[in-house]
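Trainee: With chain L's structure known, arrange chain B on it following the hints.
Residues per chain are reported as follows:
2 protein chains.
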Amino acid sequence: MKYPNGIKRQKTTDNRIRYDNRGMNLESDLNDSNRYYIDKEIAFIYKKPTPIQITKVDFPSRNSAVIKEAFFKEPSTTDYNGIYQGKYIDFEAKETNNRTSFPLNNINKHQIKHIENVYNAHGICFLVVRFNKLNSTYILFAKDFLNFLKENKRKSIPVKYFEEYGYLIEEKYIPRLNYLKIIDEVLGGIENERC
Amino acid sequence: MKYPNGIKRQKTTDNRIRYDNRGMNLESDLNDSNRYYIDKEIAFIYKKPTPIQITKVDFPSRNSAVIKEAFFKEPSTTDYNGIYQGKYIDFEAKETNNRTSFPLNNINKHQIKHIENVYNAHGICFLVVRFNKLNSTYILFAKDFLNFLKENKRKSIPVKYFEEYGYLIEEKYIPRLNYLKIIDEVLGGIENERC
Chain L
973 MKYPNGIKRQ
983 KTTDNRIRYD
993 NRGMNLESDL
1003 NDSNRYYIDK
1013 EIAFIYKKPT
1023 PIQITKVDFP
1033 SRNSAVIKEA
1043 FFKEPSTTDY
1053 NGIYQGKYID
1063 FEAKETNNRT
1073 SFPLNNINKH
1083 QIKHIENVYN
1093 AHGICFLVVR
1103 FNKLNSTYIL
1113 FAKDFLNFLK
1123 ENKRKSIPVK
1133 YFEEYGYLIE
1143 EKYIPRLNYL
1153 KIIDEVLGGI
1163 ENERC
Chain B
973 MKYPNGIKRQ
983 KTTDNRIRYD
993 NRGMNLESDL
1003 NDSNRYYIDK
1013 EIAFIYKKPT
1023 PIQITKVDFP
1033 SRNSAVIKEA
1043 FFKEPSTTDY
1053 NGIYQGKYID
1063 FEAKETNNRT
1073 SFPLNNINKH
1083 QIKHIENVYN
1093 AHGICFLVVR
1103 FNKLNSTYIL
1113 FAKDFLNFLK
1123 ENKRKSIPVK
1133 YFEEYGYLIE
1143 EKYIPRLNYL
1153 KIIDEVLGGI
1163 ENERC
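First to last, the protein sequences are chains L and B. Anchor point for the first sequence: position 175 equals 1147 in my numbering, and the numbering is continuous, going up by one each time. Anchor point for the second sequence: position 162 equals 1134 in my numbering, and the numbering is continuous, going up by one each time.
Chain L extracted, bound-state conformation:
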């Protein structure tokens, strides 16, 4: 497994005692981290709102509106995007309770196409995948994700593939998930062909 400098392997036992009651959810961890980056003016990365189709709206008063019926739509892009060091950054975040692999039905074909587009357009693009039962959260860059899809017919990506090609994200108090540290290492280092 590749570790960026200074990033140590986390314990991966299920019994690991958590430091606080946060971090139970990948989305809230990423939102906290992004809030930290914004406050420090390091990066401006946001989760996109959930795409919905609104079919009924009530206007109880002149200045208020209540949505009375709406449906979730399948996302056509990834969840997070923004700017870091002048560059476009784009990623999808998923967690799984599976211990051995990441099921690919978590990511739809429009999202895969989008990841391919951003990769080809020289954006920084990756997946953030958390294996809940292993207490491990990985970055897998678009290049390695797309390579896997090209070379495999499997319906899931084994944990071993993340161990070999992914980068383990350091978890700490603030920021919760310091994923930009990995981007720094990769962009600044000899591995910058990766993203």
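Derived by calculation from the structure, the hints in this document are not laboratory data. Incorrect hints may have been included.
For identical chains, the list gives no copy identity; a pair is met inside one copy or between any two copies.
In silico DSS-like cross-links for lysine-lysine, where the CA-CA straight-line distance does not exceed 27 angstroms [claimed, not checked]:
#: 1; residue 1: Lys1012; residue 2: Lys1144
#: 2; residue 1: Lys1066; residue 2: Lys1127
#: 3; residue 1: Lys1066; residue 2: Lys1045
#: 4; residue 1: Lys1144; residue 2: Lys1028
Mentor: For chain B alone, kept in the frame of chain L given last:
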């Protein structure tokens, strides 16, 4: 007024006959244009979903969900972002029926802060403002927008300011609003200090 090379002034009479029944709405024009850019693999720019707060969801069956109550939230960022030529691009689009100025209450303070952040982070950031009654749609780059706010206490930006500092977007059949042409001119030209 500055015109990028090859971009001609549109007629601005109210009686101008439209070529088709599209183009009556800035959002749909921009979405059509973005769809064109995506299809041609020129740029990958999307409108973010409308931010809402979901308060009630029904599950009529195992695999379906119906939102029964939700509220519109005030956006904290701009509507559109994406990647063009490897760079981060970010803009807000607004139309007004006002003939003489663009009312600033169209843009909230979180959005202004976001525009400032993206500008400082060296993203390509601007407003797209359509004056419906004048049949004119302008790009106003973040730098000029923020300068206006700094130097004026006015609650609206006069059309004259757009004429002087903005760029008129060419309107045609496909793409409907070729706004990236202006970005090309500005990025590639002597005026690239503007964004």
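Trainee: A separate judgement is required for each hint: does it hold in the structure or not?
Mentor: Taking the hints in turn, this is what the structure says about them:
1. Lys1012 - Lys1144: Within. Shortest intra-copy distance 17 angstroms satisfies the 27 angstroms Cα cut-off; inter-copy 43 angstroms does not.
2. Lys1066 - Lys1127: For Lys1066 and Lys1127, only the intra-copy Cα distance (15 angstroms) is at most 27 angstroms; the inter-copy one is 44 angstroms.
3. Lys1066 - Lys1045: Both. Shortest intra-copy (17 angstroms) and inter-copy (25 angstroms) distances satisfy the 27 angstroms Cα cut-off.
4. Lys1144 - Lys1028: neither (43 angstroms within a copy, 34 angstroms between copies)
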